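A.B. asks: Residue numbers (the working numbering), protein chains in the order written: chain A, 8 to 171; chain B, 8 to 171.
Worth double-checking, as some hints may not be accurate.
Given that identical chains are not distinguished, each listed pair holds provided it fits within a single copy or across any two copies.
[Unchecked claim] Under the rule of at most 20 Å between Cα atoms (straight-line distance), these lysine to any residue pairs were calculated in the SDA-like manner:
1. Lys73 with Asn128
2. Lys15 with Ala94
3. Lys15 with Ala48
4. Lys73 with Phe51
5. Lys73 with Leu97
6. Lys73 with Tyr49
7. Lys15 with Arg102
8. Lys73 with Phe123
9. Lys73 with Ala53
10. Lys73 with Pro147
11. Lys73 with Ala30
Think of the hints as simulated: they come from the structure by calculation, not from any bench. Keep in mind that this is a model prediction, so the values were computed, not measured.
Here is what each chain is made of, one letter per residue.
Number of protein chains: 2
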Amino acid sequence: MNLRQANKADEDAIWDIFHAVIAPGDTYVFDPAMSREEALAYWFRADTHTYVAESDGRIVGTYILKPNQPALGSHIANAAFMVSPTARGLGLGRRMGEHCLAEALRLGFRAMQFNFVVSTNEPAVRLWQQLGFSIVGTLPGAFRHSQLGFVDSYVMFRTLGTVA
Amino acid sequence: MNLRQANKADEDAIWDIFHAVIAPGDTYVFDPAMSREEALAYWFRADTHTYVAESDGRIVGTYILKPNQPALGSHIANAAFMVSPTARGLGLGRRMGEHCLAEALRLGFRAMQFNFVVSTNEPAVRLWQQLGFSIVGTLPGAFRHSQLGFVDSYVMFRTLGTVA
């Protein structure tokens with residue numbers, strides 16, 4: 008598997024994954040009916056580094072890395088990860104997470120923060136804990152889960168300098 | 008003192024306050040050199056309710072109220088408050104905070120979250136605690152304070168339904 012920066016030619020594949028991930032309304036706050044245009048605008052913002060994971064010439068995952076806040080908070084990175092439903096369970100999330108931590112370190116970030124990890128997304132919570140993140144905050148009922156109703160969301164954080 | 012929705016004619020007064028508040032680099036993540044255009048674009052975004060506090064025909068404070076997240080997280084409000092340096096110590100922050108909580112309830116939000124309360128901004132932390140907010144998360148070294156270097160920032164949260 009190959010991880011590289013995304014480009015314009017990857018847009019169709021990224022949108023396919025993005026749409027498949029948000030449509031169930033169980034892990035991301037985005038409107039499950041979010042349009043392709045809005046999704047790609049968000050994923051390719053000016054302050055955002057966008058990556059894809061390729062396997063046998065097919066794009067199976069994508070992630071973004073960016074400052075979590077402007078100027079006086081821009082030393083903390085933020086990231087978001089999406090794996091194609093057809094490529095789940097193969098360790099791709101972990102591979103992208105490790106790649107992302109190394110990229111964040113290379114780009115000079117001091118730490119990484121996830122603002123909104125849905126508490127019922129247990130594989131994600133476990134993966135980030137394994138990669139050195141801690142739950143530093145719990146947001147009561149902050150996510151309106153399509154199946155479960157209002158569930159908690161976590162703020163997760165880790166310093167960089169030692170890549171897991 | 009009168010609290011009301013802001014309009015185009017308030018832009019000069021809002022920018023004066025905004026600039027005076029961010030220039031010291033001790034409470035907000037915004038670039039202390041942020042431009043008037045960027046500041047007003049942020050303060051008057053499409054999803055944002057903008058208010059001003061008037062005293063004797065002069066605008067002495069301003070705040071914004073908006074969803075903290077898109078769609079499946081949009082039931083939690085976010086807000087930001089700025090008081091003119093010439094009007095500090097008069098209880099204006101509290102008045103705006105109480106008004107904001109009532110507005111958020113009226114608009115149907117279920118809770119309010121502050122993503123980034125600088126830990127060394129003790130008057131703000133104390134005020135929000137007095138208005139029913141709890142520190143639900145601590146972000147280590149998340150703010151690069153112009154005088155103190157890297158200091159912690161807090162995530163603060165309160166449910167609505169009972170206005171302080």
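A.B. asks: Next, verify each hint and record whether it holds.
C.D. replies: Hints, one by one, checked against the model:
1. Lys73 with Asn128: neither (22 Å within a copy, 26 Å between copies)
2. Lys15 with Ala94: neither (22 Å within a copy, 50 Å between copies)
3. Lys15 with Ala48: Within one copy only: 12 Å inside a chain, 28 Å across chains, cut-off 20 Å.
4. Lys73 with Phe51: Within one copy, since 10 Å is at most 20 Å while 24 Å is not.
5. Lys73 with Leu97: Neither way: Lys73 and Leu97 sit 25 Å apart in one copy and 39 Å across, limit 20 Å.
6. Lys73 with Tyr49: both (11 Å within a copy, 19 Å between copies)
7. Lys15 with Arg102: Neither. Shortest intra-copy (23 Å) and inter-copy (49 Å) distances fail the 20 Å Cα cut-off.
8. Lys73 with Phe123: The answer is both: 15 Å in one copy and 17 Å across copies each meet 20 Å.
9. Lys73 with Ala53: Classified as within: same-chain Cα gap 9 Å, cross-chain 23 Å, threshold 20 Å.
10. Lys73 with Pro147: Only across copies: Lys73 and Pro147 sit 18 Å apart there, 26 Å inside one copy, limit 20 Å.
11. Lys73 with Ala30: Classified as neither: same-chain Cα gap 24 Å, cross-chain 24 Å, threshold 20 Å.
Of the numbered hints given earlier, the model fails hints 1, 2, 5, 7 and 11; all others are met.
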